[in-house]
Amino acid sequence: MNTSESNQFSFRSIDELEDTPEFQEFLTREFPKGVDEPPDGLSRRRWLHLMGASAVLASVSGCRFENKKITPYTFRPEDRIPGTTRTFATTIEWAGGVRPLYVTSYDSRPIKADGNPLHPECGGSARNRAPKGSSDLISQAAVLDLYDPDRSRSCLEKVGRSFAPRNWSDFSGAVQGLELLGNQGKGLTVLSEPTTSQTVQRLKKNLLEKLPQAKWFEYSPISDDHEQAGLKSAFGKSLRAQHNLENAEVVLCLDADPLRYHRSALKLSKAWAKSRIPDVAVMAGRPISRLYCVESQFSLTGVNADHRWPMKSSAIASFAEALRQQVDKAREKGQMLDVEGTVDEQRLAVLANELVFGTTQKAGSQGRTVVIAGAHQPPVVHHLAAVLNDAIGSKLVSYTAIPESTSNISSIKEAVAELNSGNTEHLLMIGGNPVFDAPSDLKFKSALSSVKNKIHFSVSRNETTDECSWHANMGHPFEVWSDSVASDGSVGIGQPMIEPLFGAKSTAELLATVIGVSADGLELVRETYVDLSDEAWNQTVHNGFIANSFASSVAVGAPTAVAPGDSTTWMSPSEAIELVFTNSNLYDGRLSNNGWLQEVPDSVTKVAWDNPVMINPKTAKLIGAKQNEKITIEVDGDTIEAPVFIQPGQAENSISIAIGYGRRKVGHVGGSIEKNLPPVGIDVSSVRKSNHWNIVDDVKASGTGSRYRLSSTQDHHAIDLTGKAEIGNRWDRLIYEDTFDSYKKFAKKVIGRDDSSSESKGDTIQDFFADEEEIPEKEERPHWPGHHHLHFENVEMIRRSWDYSKEAKWGMSIDLAKCTGCSACVVACQAENNIAIVGKDQVSRGRELHWMRIDRYLVSHRSYQDAGRILEDPEPIVRTQPVTCHHCENAPCEQVCPVAATVHSDEGLNDMVYNRCIGTRYCGNNCPYKVRRFNYLNYSNATTFVKYPWADTLSQSDIAVESLAMNPEVTIRSRGVMEKCTYCVQRIQNTKIKAKTEGREVGGNEITTACQDCCPTGAIVFGNLADPASQVSTEQIDVRAYVLLDELNLGQRTKYLASIINPNPSWPVLTLNAAGETVVQPYEKAFPEKGHHEKHGDEKHGDEKHGDEKHGDEKHGDEKHGDEKHGDEKHGDEKHADEKHADEKHADEDGEEKHGKDEK
Amino acid sequence: MATDANTSQLNDFVFPSWINKIIILGLACGGLFGGYAATVGFFATHPKVINVGHMPEQPIPFSHALHAGKLKLDCRYCHNTVEKAAHAAIPPSATCGNCHGGKDRVKPGATLAAVHLKSEKLAPLRESLETDTPVNWLRVHELPGFVYFNHSAHVTRGVSCVECHGRIDKMEVVYQAKELSMKWCLDCHRNPDEAIRPFDQVTNLGWNPDKEELKTIYMEELEKAFEKLAPQVSVDANPVPSERKSERRLFFYPDGEDRPEFTASKWRDTKTHQDNFAKLIFGDPKLADENSDNEISLQEAVAFLDTKSDYTRKDLGQLLRATHKINPNQSCSTCHR
Amino acid sequence: MATVDQKNDNTIEDPGTRAPLVLGGLDYKGVTDTVSNVAFGEGPPRIWYVVLGISTLLMGMLFGCVGHLIMTGVGVWGNNNPVFWGWPIVNFVFWVGIGHAGTLISAILFLLRQNWRTSINRAAEAMTIFAVVCAGLFPGVHIGRVWSFYWLFPIPTEHLAMWPNFRSPLLWDVFAVSTYATVSLLFWYMGMVPDIATFRDRAKNKIQRLAYGVLSLGWTGSARHWHRYEMAYVILAALATPLVLSVHTIVSFDFAVSQVPGWHTTIFPPYFVAGAIFSGFAMVVTLMVPARELFGLKNLITSRHLENMNKIIMATGLMVGLAYGIEFFIAWYGGNPYEQFAFVNRAFGSYWWAYWIMVSCNVLIPQLFWFKFCRTNPWVMVGICLFVNVGMWFERFVITITSLSRDFLPSSWAYFTPTPIDIMMLIGSFGLFFTLFTLFCRFLPMVAMSEVKGVLPHEEHDEDSSGHSEHEEA
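Protein chains in written order, with numbering that gives the first Met the number 0: chain A, 0 to 1159; chain B, 0 to 336; chain C, 0 to 473.
Among the hints, erroneous ones may be present.
[To be verified] Now the stretches of chain B that chain A is said to cover, found in silico as 3 or more residues with beta-carbon under 8 Å:
1) 70–84
2) 127–137
3) 147–159
4) 327–336
[Stated by the list, open to error] Just the calculated beta-carbon pair ranges, DEER-fashion:
5) B:LEU24 with C:VAL233: 30 to 36 Å
6) B:ARG138 with A:LYS209: 52 to 58 Å
7) C:LEU293 with B:LYS20: 40 to 46 Å
8) B:ARG138 with C:PRO155: 49 to 55 Å
9) C:LEU185 with A:ARG706: 53 to 59 Å
Don't read these hints as lab results, they were simulated from the structure.
Just so it is clear, CB atoms sit at the ideal spot from N, CA and C, and this is done for glycine as well.
Isolated chain A (complex conformation) (with noise of 0.2 Å):
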């Protein structure tokens, strides 16, 4: 029976007879009334009798059974199953990249999206053996962005002032209607965003040829332009830089975010990651990578750097000139410069010591350091970064070619100019959309009246569209062919996985009707590698790309060299407020109606459905600007107002907003003026100019005043002081950490292996203990880092007499060494467990539904701590921390659910039996990680027992668009009910039935989660504990791993593995000392506690924030026994009645009261 009609998604209660919708839905007999068939044995008329039925049960047996219809094939292929998914590979552009995936399908409906192993960008060996290559956010989404219910359903052709509906017919009948080919394509201009399909080049190519006179231009807001016209005036030569920091020692980021928004993000990552491990790198006897960011906004490789230096962007150019210059000396002086002068001085000298001799200063660097400079950077700083990167004798860093293109500034700029010529009668703009993102001074709006007649070929209509006459429907890359070259040059070609849900051509296909070609998208994609056997296609459409196509990197000589421009600027910046332009979850506004990437919280902010500007504190109170308050910014005369968030660590007079936000026409979710839906951010095109299009130097900004809510899932800044204060004290008890220094004198000690041993295993530490006759007991295994721990004595497991199954025991690690934070795992989880999306106001209220939340702690110095100045550090720590449910074994919230909604498996997974909870909320207050999630309102649109008849956001046709991307092994929650992480129990319930129909065993390994499949860097592990030989089982008897909140004796399934860092030493910290000035001190002094272990779990070190026992003075004596030292403001007077308190009752606690700072 065919199920992907009456697909289960929601559970309903009887007396609501729905109308049918588009799609059959079930009803489901929950609590029927009436009654037909009698028990066995007697009739059905003589049991009537029997009873006397009474009217009412007449009334009410008619409507006992409904009839639902069981559709099946009529000829089913013969390799498909009903009711299961299958895996296709398939390599789209999309958003600005090249995204090699493999997409599951559930009854050939793409239902989710995931990395292509086999593509090195995403799979590669680090991937923990997943049999699922690592994604970013936006591939997860994309699978929501086919089933947008906003999307066009048709070409639409402009009838007056509004849109008539039209099909492919009619708009190539009105193509050929141009007579283009007639008139060798005279007034025709082709307006396309980049692509780097060769099919669309080869077509374009036609195109040039057959219409001799058409004009082609191609425009997309983001671009690396600035880092090939860097490398142009280095080499030459138009290439790409291809970064490899798997044994990297050194990385130097100018203001560059590889972690996160750069092409191969992913690759970066796990490369990353690789040079991080500590237990192989002690194994091979050397140091982990060191990574130093230099940037202006706090971007997620500044969270995740060893030491980030706040810097102005515009500065960075004079900055990397002085470096340079440095360089040369050490290299010069053949050995490592001495540090002093001011702490711009002594730093520059480390960062050249560094890059120049490594980090181990013996072996010299071998050429394993290397500077990246970011792509919003001016060209100068690509050419000075390669030339950096020469000097070194950087081996991490190649170019590969790539083709020629004007800068997409320019060509916007001549596309402009040849519209405004007037000799332009019909302009074809594909994709994109120029009105919105185009820079405001060129008034592209305008340049467009003047043109008669213009077509639009997008995915859905935007403002450049309604400027339009026609409009022709763009197919996503899920329902058509097209191929596409990524950034390491390998050929991949994209299958659809659907038949166009709406209609919906390819561009390959547009350009073939333009030019009077008849094939389909397939022919043409084929045509153009038709070199290809057919069986080396199907072998590529399988793997998704071309095996091997990759760009060999180019042998480049030596750069050159920058004529040597001011190196001192940098140190002394001016006081003019700076505004970059940075990136965000929406890529260039084309993603606004994605719920998904506008509800997941920002990595650093934890802001959602906002784009707000990032403010240094010291900027703020000098503009006067406040959280959660407006600010206005002026760039020559345009100006716009945007909501303020205060980010301590963002370089000073230096402001940041992302671009894609602000759009006026995008649909339910990203706001549209005619729906009345107020638009989600903030529309800063107008102030994006072409002369400063990533870095506006001197701009006027100050605060308004008016009040702006921002909407974020972790309100730093709504937490006062008292708060902020035990987060410092809090944080490290929660996310342990310590330097790489500390862990190899303890591995050395402990495991026997000194680093001198060259052979290296290679394996797992599981040989660490090889020569120990059995792995030593949880409790005597030694634990790093030993002065974290609290002092609880683990009082022995009350646990319950839960008789375990042996088969299996699900558990899951998470390891904080190599996870950046990027919450990719966030949306992974959200498109696999049929999460809905609340809105911002929700948002706003902490309402938000993500399973999975990224922990952000924003923690400044020690010294500025006690000094009560917390925002005031000027380069704080940002640490974050993946927490979802831990499926503890004796569950507090198991406890107390008076309906036994929530029950523990024999297998150790703590079961959420949506359809049994009432929603009494209890369980959720009693779990201490705070991972349940209510569903407050009717976040997805499930009917429930009673409900407004317009409590639905949607239409029903709507609805049902949209509950397509649902997955239907997974139950949809209505109102009313708790959910919570469940280890994605369907897979393992569905893996578990496979193994037993095949009559095997689950392996350790074989079952993953969604967050596990995406992680980039494979931070999370999954497995059965019960199987030693699982990777879960190896990495949960690390040395480095711990149970958050261990002291509350859960029998947490859910490991960390302590996260390393790898500071200098000799770095200079800013910090604060007693008398509250400003003083510089290396880091070893600026952090005591970290890396000092000689003896391993003794607590000699000075810092006194742990020993327990020292807090002796801190007692809370009996509060009404206030004394003045309270602030006055909060004492009414009939406070100050309890002096003359009868005093029999305190016998006991007298002693007198300290509270507000904890006094040392």
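Let chain A serve as the given structure and place chains B and C on it in line with the hints.
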């Protein structure tokens, strides 16, 4: 000495005495009605009453009694995904077309028997084959959306179709025979022995062996169990390996020596599995082990078990469960996720 | 023997004699007339209509909000993650707490032979029932899927082989609060039967006679009736006594059994029971002072009764204060960093204002009752009692919401803000309470006449004839 007004009020306002009887009567019929409402309520909501008996009128009057019963077509001929997926798919029209489709209607040149080519009842089928539009069968068995039942997990582990669908091979028009409520499923999950039958009899709905047949089947299954679990062990020390005799011997841990927990190296220790099997089937394995060499050969086993006369489906079920490690899971996430 | 001055002001302590509990020299008929005039006099004072009108309006608002809540979802309140329980649970504990004073007065003080309870026990028990009605409403509507509420009861079904989870304190709540409601309703109605019979005999028209007649279950006042009534009363008092302590203990288990820092302390059961009695008596005083003014019951509910209640309020106030102190001490003494921060956060975190309102209203303001003037002046005592009730509401607010807003992981700290529906339902619940109470005052005997007659001063056979004569002209 109360004033007249008061006494007069007192007199005329004494409830008539018959009210007492009315109250008693009222209570009695209240109780009666309460009891009646309870029983009607109980029966009206009893799953057997609600679910059993659903017999929708199908577009084509397909008779299981004829096809599965008389013609002995195996269930898996039409429901061919039952062993591979959660859903036992309703056959596509092409399957019916194999016999009823006429000569070349299904596949060009297919020489198939044209059964009832002209029958009116099969018009929807022929029309479906022509126009490639599916036949809209009506669903008979239907579980709520939040229940994830998996056919393959049951059918491949010895649970026959008859357990949940009743004698469907005797039904002219399919109706729901069993209540399929949660309590009903859990009763079987909690003692599944009667429901487990030899894997090859799963689609033989009428399989109902009497005592002797049960015994022979039991012995066959015992032999299969030995092949699966007991390793080949050489018996006599004949120098020429080719003639050396060997047989299968089932290992068990003699009581006193307790089983190691999961040895770190091989976590799924077949010795443990054999010990479980021996203890379950023989009770105290030492009794069956005549030559007390801590191993039971097939002969010893058959000899020991021959003494037992009446073999029930429960014994056979236990043997099969011990052999194939069938222990139905009772955690909630088995069906609810 | 009552001295002269005690006749007018029975709060003067005269060690030798027992202060008279009924002033104004009322005899049997006087007591009955005083109470019956409320129902059968020339109709209630105009203020009664005003109060009834306002409270029914508020009650309508409450049920409107409940309807909207059920149709829309629990999201209409301000609850979020981590503060899953918000004002409805605070209201539930507040109202259940208020209920306990009534049962204490009628059961425990009865067993302790405190005669002064006779004139206030009926009104106090009525307050208990109405408070439990308000309390019962909140947990009922605060769950996400109200239509599956019956899963909380152990009904054997043929569908699911499922029982509720008997280890959950929420389930104990269901049994505790429903038992409490049934026992106190039974105790209240059974105690009122003789007085309703008196009303029946004084009924003026057909409807009153029929209604009171049915309700008085054919009471004739014969010796057999009185014998059974007395025996039943004693048994019910014995049954109700443990309820006073156990029900709020179980309500405190909702918090104590969990492991949220700030909830997970063993002081909770006695702390909640003391708090319950404390707020219960405050509500009784708040209701009695205006009621005795309006309905002219000053001779029956004398200032001595009010003074005794004020003494109990002060005592339980000090117990609650001690409990606050012990909570802080244990947090410090226990050395658990999460508990320590939970209490520092309670006093100085983002909800510091709620904490200091609680401390000042519950611990400092009741100290005014050390002064006799405050204990006896009606309007001062009502003021203090209002503060106590506000303080007790904030105590539940502080316990529930402050502890939930910041517990183990700082990443899931959040700030709870109420929505208009929260506020309207709180005010609405007072509307429901006062509607029921005003209807009770008007239609049912507010004071237990039969019991008061048992403790009339001359009942002690005052030999002094002069005392008797004076009685005539008072």
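Here is how each hint holds up against the structure:
1. 70–84: holds (count 4)
2. 127–137: holds (count 9)
3. 147–159: Since 6 is at least three, the answer is holds.
4. 327–336: Holds, because 8 residues of the region 327–336 of chain B bring their Cβ atoms closer than 8 Å to Cβ atoms of chain A.
5. B:LEU24 with C:VAL233: 30 to 36 Å: holds, 33 Å
6. B:ARG138 with A:LYS209: 52 to 58 Å: holds, 56 Å
7. C:LEU293 with B:LYS20: 40 to 46 Å: holds, 44 Å
8. B:ARG138 with C:PRO155: 49 to 55 Å: violated, 30 Å
9. C:LEU185 with A:ARG706: 53 to 59 Å: Since C:LEU185 and A:ARG706 have Cβ atoms about 56 Å apart, the given range 53 to 59 Å holds.
In this structure, the one hint that does not hold is number 8.
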